[in-house]
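Respectively, the protein sequence lines represent chains A and B.
No gaps in the numbering here: position 134 of the first sequence is 129 in this note's numbering, and each next residue is one more.
If you count the second sequence from 1, you need to add 30 to reach this note's numbering.
Derived by calculation from the structure, the hints in this document are not laboratory data.
Please read all numbers here as calculations on a predicted model, not as lab measurements.
Don't be surprised by glycine CBs; every beta carbon is placed ideally from N, CA and C.
Treat the hints with care, as some may be off.
Stated by the list, open to error - Here's a subset of chain B near chain A, in silico, CB distances under 10 Å, partners left out: (1) G48; (2) Q50; (3) I96; (4) Q123; (5) P127; (6) Y165; (7) A183; (8) Q223; (9) L224.
Unchecked claim - Each pair of labels, with its calculated beta carbon distance range: (10) A:I88 x B:I79: 22 to 32 Å; (11) B:N215 x A:V116: 31 to 41 Å; (12) B:R81 x A:Y3: 46 to 56 Å; (13) B:E352 x A:E62: 36 to 46 Å; (14) A:K95 x B:A325: 15 to 25 Å; (15) A:T26 x B:R81: 44 to 54 Å; (16) A:E62 x B:K331: 41 to 51 Å; (17) A:E106 x B:S89: 37 to 47 Å; (18) B:I79 x A:N128: 51 to 61 Å.
As the list claims (entries may be wrong) - In the SDA-like style, the derived pairs of lysine to any residue whose C-alpha atoms are separated by at most 25 Å in a straight line are: (19) B:K205 x A:I31; (20) B:K236 x A:K141; (21) B:K301 x B:Y221; (22) A:K19 x B:K120; (23) A:K44 x B:N202; (24) B:K217 x A:F25; (25) B:K208 x A:E34; (26) A:K19 x B:Q320; (27) A:K29 x B:D175; (28) B:K120 x B:E84; (29) B:K217 x A:E130; (30) A:K44 x B:R170; (31) A:K124 x B:Q320; (32) B:K217 x A:T21; (33) B:K217 x A:H27; (34) A:K44 x B:R168; (35) A:K44 x A:E130; (36) A:K19 x B:K217.
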Amino acid sequence: MISFLKTYFTEVFQAIKSLLSGMKLTGYYFTHPKNIITEEYPDNRATLKMADRFRGEVIMTHDEKNEHACTGCSACELACPNGTIKIINKFEINAEGKKKKAIDAFVYHLELCTMCNLCIVACPTDAIKMSPNFEHSVYDRRLLTKQLNHEGSKIREGVE
Amino acid sequence: MFEEIKTSNDGELVINVGPQHPATHGVLHLLITLNGETITKLEPNLGYIHRSIEKMCESLSYRQFIYSTSRMDYLSSHMNNHACAMIVEKGLQVEIPERAEVIRVLISELTRLASHQLWWGAMAMDLGALSPFFYSFREREVITDIMEETCGARLTMNYIVPGGLMADIHPNFVKRVKDFIIQFNSKIDEYDQLVTGNIIFQNRMKNVGYLSPEDAISYGTTGPVARGSGVSCDIRKLYPYSAYNKVKFEEILETGGDSFARYLVRIKEMKQSISIIEQLIDNIPEGDFQAKTKAVLKLPKGEFYQRVETARGELGVYLVSEGGTTPYRIKFRSPGFSNLSALNHMVKGHKIGDLVAIMGTLDLVIPDIDR
Chain A
-4 MISFLKTYFT
6 EVFQAIKSLL
16 SGMKLTGYYF
26 THPKNIITEE
36 YPDNRATLKM
46 ADRFRGEVIM
56 THDEKNEHAC
66 TGCSACELAC
76 PNGTIKIINK
86 FEINAEGKKK
96 KAIDAFVYHL
106 ELCTMCNLCI
116 VACPTDAIKM
126 SPNFEHSVYD
136 RRLLTKQLNH
146 EGSKIREGVE
Chain B
31 MFEEIKTSND
41 GELVINVGPQ
51 HPATHGVLHL
61 LITLNGETIT
71 KLEPNLGYIH
81 RSIEKMCESL
91 SYRQFIYSTS
101 RMDYLSSHMN
111 NHACAMIVEK
121 GLQVEIPERA
131 EVIRVLISEL
141 TRLASHQLWW
151 GAMAMDLGAL
161 SPFFYSFRER
171 EVITDIMEET
181 CGARLTMNYI
191 VPGGLMADIH
201 PNFVKRVKDF
211 IIQFNSKIDE
221 YDQLVTGNII
231 FQNRMKNVGY
241 LSPEDAISYG
251 TTGPVARGSG
261 VSCDIRKLYP
271 YSAYNKVKFE
281 EILETGGDSF
291 ARYLVRIKEM
301 KQSISIIEQL
311 IDNIPEGDFQ
321 AKTKAVLKLP
331 KGEFYQRVET
341 ARGELGVYLV
351 SEGGTTPYRI
361 KFRSPGFSNL
371 SALNHMVKGH
381 KIGDLVAIMG
391 TLDLVIPDID
401 R
């Protein structure tokens, strides 16, 4: 009988001890708020820095003269697994009077994109890249279909 | 597919758990037959998140189909991609640079850690303890930040291409992983202090959901579920792939077979993953991160099979090629599907309150089951 009581009380004591040791840890973080690393997202927008490789959306880089490096070769369109990219080509007549292929519109469906990075890898002229911008919410889904080449932009000299 | 709640003559009650239920970790539908509060039969009802990834892969090229496998078991997406890349490399007979192999294993083990940490938090949350979730996510956040910096994404990385990696590791990678190891080693004891020793937790886990070694084999369970029953099934150890033959680690085996044994296997596996990372992080060989491959990949006619150890168990990829640029047929043997099949056997005779605890130790990811 005494041994039964002994084991019973030891078990109860150990159970309380195990609960207290967990509570001790909770208490530690309660009294040491500096160890908490939570970032409060919409309030830290000014200091929030995303990694440079972070895949947020595909963008086409333009320089200050509003020129891009896209030749309209459609390598990205072929590499894309789910038809996110559509390239509409036109033919321009250059200074020498020759016909040259150029892009009319680089259509990018953000709503279909899975950020797999295969188009960026496929691009032979590094015309497109991934931007770390991740705030894509809009009120109308038509706004998610974007034209990546800017208005009036043309291909940079020397890019073949 | 919802059956009406009905009672039969012998007092049995059929109820639906899910598909929209917070404890099933996704859209899993379980039809449970109850006798009083005791479960007599459990029938999983699948198909709510079926996206036909296997069929989709048949129309994607060998470079493209890898990304879609990230969406199967999204918590071990890197290992899924690894299996698919390896099967393409097997068909093409490409030699992978040593550097790429080591980085692949490093990222795999970081993914495994992140997956087990999420499981640990979600498991404790299933039992009603909310705060462990925040502790596990504190360390997991560091891993996802490392992933974000090197792979470009936090969960569905798609960092692997046939022939190597998409990009070299970020210059900060080695330093940040070392910092993480120091931080993690000092924090893993908090996990034990908070949950493992807790008397309420132990009483809910011990002698619950017993799975004998024979049943574990006959149901085809793999990963921590089978190792909790003492069945040796670690692909990394038994059939080493990639750089796993260069590292020393133990295969964790527990003989209990109950929920607590499966819990211990995963906790100890975290420490083994850390040990693998520690061995490799200082020994990343110099060289290329990608082998030269052709622009259009064509696999020779034939059948290929490759398996890897994901965080949940054995993932097998079976590929039939007709010699074209797309696979003729792909079949994934996903670990979650087989592990779920053992659930009916494990919950029989237990109270309905234990169902969620047992399901938590299976570490189910529903998109992995449905594909």
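Hint check results:
1. Interface restraint check: G48 (chain B) against chain A, minimum CB-CB distance 27 Å, threshold 10 Å, status violated.
2. Restraint check, Q50 (chain B) versus chain A: the minimum CB separation of about 24 Å is more than 10 Å; hint violated.
3. A least Cβ separation of about 9 Å between I96 (chain B) and chain A falls short of the 10 Å threshold, and the interface hint therefore holds.
4. A hinted interface residue such as Q123 (chain B) counts as satisfied when its beta carbon comes closer than 10 Å to some beta carbon of chain A; here the least separation is about 22 Å, so the hint is violated.
5. With 10 Å as the threshold, the beta carbon of P127 (chain B) stays out of range of chain A, its nearest partner Cβ sitting at about 17 Å, so the hint is violated.
6. Look at Y165 (chain B): its Cβ gets to within about 8 Å of chain A, closer than 10 Å, so that hint holds up.
7. With 10 Å as the threshold, the beta carbon of A183 (chain B) comes within range of chain A, its nearest partner Cβ sitting at about 5 Å, so the hint holds.
8. Look at Q223 (chain B): its Cβ gets to within about 5 Å of chain A, closer than 10 Å, so that hint holds up.
9. For L224 (chain B), the interface hint holds, since its Cβ comes within 10 Å of a Cβ in chain A; the closest pair sits about 5 Å apart.
10. Checked against the hint of 22 to 32 Å, the C-beta distance between I88 (chain A) and I79 (chain B) comes to roughly 53 Å, which is inconsistent with it.
11. Our hint of 31 to 41 Å for N215 (chain B) and V116 (chain A) holds, since their Cβ atoms are close to 36 Å apart.
12. R81 (chain B) and Y3 (chain A) have their C-beta atoms about 55 Å apart, which keeps the hinted 46 to 56 Å range intact.
13. Look at E352 (chain B) against E62 (chain A): about 45 Å separates their beta carbons, and that is inside 36 to 46 Å.
14. The given range of 15 to 25 Å is respected by K95 (chain A) and A325 (chain B), whose C-beta atoms sit roughly 24 Å from each other.
15. Take T26 (chain A) and R81 (chain B): their Cβ atoms lie about 47 Å apart, and the range 44 to 54 Å holds.
16. Under the hint 41 to 51 Å, the C-beta atoms of E62 (chain A) and K331 (chain B), about 47 Å apart, fit the expected range.
17. Distance hint check: the CB atoms of E106 (chain A) and S89 (chain B) are about 21 Å apart, inconsistent with the given range 37 to 47 Å.
18. A C-beta distance of roughly 29 Å is found between I79 (chain B) and N128 (chain A), which places it outside the suggested range of 51 to 61 Å.
19. Between K205 (chain B) and I31 (chain A), the direct Cα distance comes to roughly 22 Å. Compliance with the 25 Å bound is thereby established for this hinted pair.
20. Restraint check for K236 (chain B) and K141 (chain A): not satisfied, since their Cα atoms lie roughly 56 Å apart, outside the 25 Å limit.
21. Taking the CA atoms of K301 (chain B) and Y221 (chain B), the gap is about 12 Å. The hint holds against a cut of 25 Å.
22. For the suggested pair K19 (chain A) and K120 (chain B), the alpha carbons sit about 53 Å apart, so the restraint of at most 25 Å is broken.
23. With a C-alpha separation of about 15 Å, the suggested pair K44 (chain A) and N202 (chain B) falls inside the 25 Å cut-off, and the hint holds.
24. At roughly 17 Å between alpha-carbon atoms, K217 (chain B) and F25 (chain A) fall within 25 Å of each other, so this suggested pair holds.
25. Among the hinted pairs, K208 (chain B) with E34 (chain A) is consistent with the structure: their alpha-carbon atoms are about 23 Å apart, no more than 25 Å.
26. About 50 Å separates the Cα atoms of K19 (chain A) and Q320 (chain B), which puts this hinted pair outside 25 Å; it is violated.
27. Simply put, K29 (chain A) and D175 (chain B) have alpha-carbon atoms about 20 Å apart, close enough for the 25 Å limit, and the pair holds.
28. Using a Cα cut-off of 25 Å, the hinted pair K120 (chain B) and E84 (chain B) holds, with the two alpha carbons roughly 19 Å apart.
29. The suggested pairing of K217 (chain B) with E130 (chain A) is violated, with an alpha-carbon distance near 33 Å, which exceeds 25 Å.
30. Our distance criterion of 25 Å between C-alpha atoms is met by K44 (chain A) and R170 (chain B), whose separation comes to about 19 Å.
31. For the proposed pair K124 (chain A) and Q320 (chain B), the alpha carbon gap of about 20 Å is at most 25 Å, so the pair holds.
32. With a C-alpha separation of about 13 Å, the suggested pairing of K217 (chain B) with T21 (chain A) holds against the 25 Å cut-off.
33. Among the hinted pairs, K217 (chain B) with H27 (chain A) is consistent with the structure: their alpha-carbon atoms are about 15 Å apart, no more than 25 Å.
34. Of the pairs offered as hints, the one joining K44 (chain A) and R168 (chain B) holds, with about 19 Å between alpha carbons and a cut-off of 25 Å not exceeded.
35. At roughly 13 Å between alpha-carbon atoms, K44 (chain A) and E130 (chain A) fall within 25 Å of each other, so this suggested pair holds.
36. In summary, the hint linking K19 (chain A) to K217 (chain B) is supported, as the alpha carbons are separated by about 15 Å, within the 25 Å threshold.
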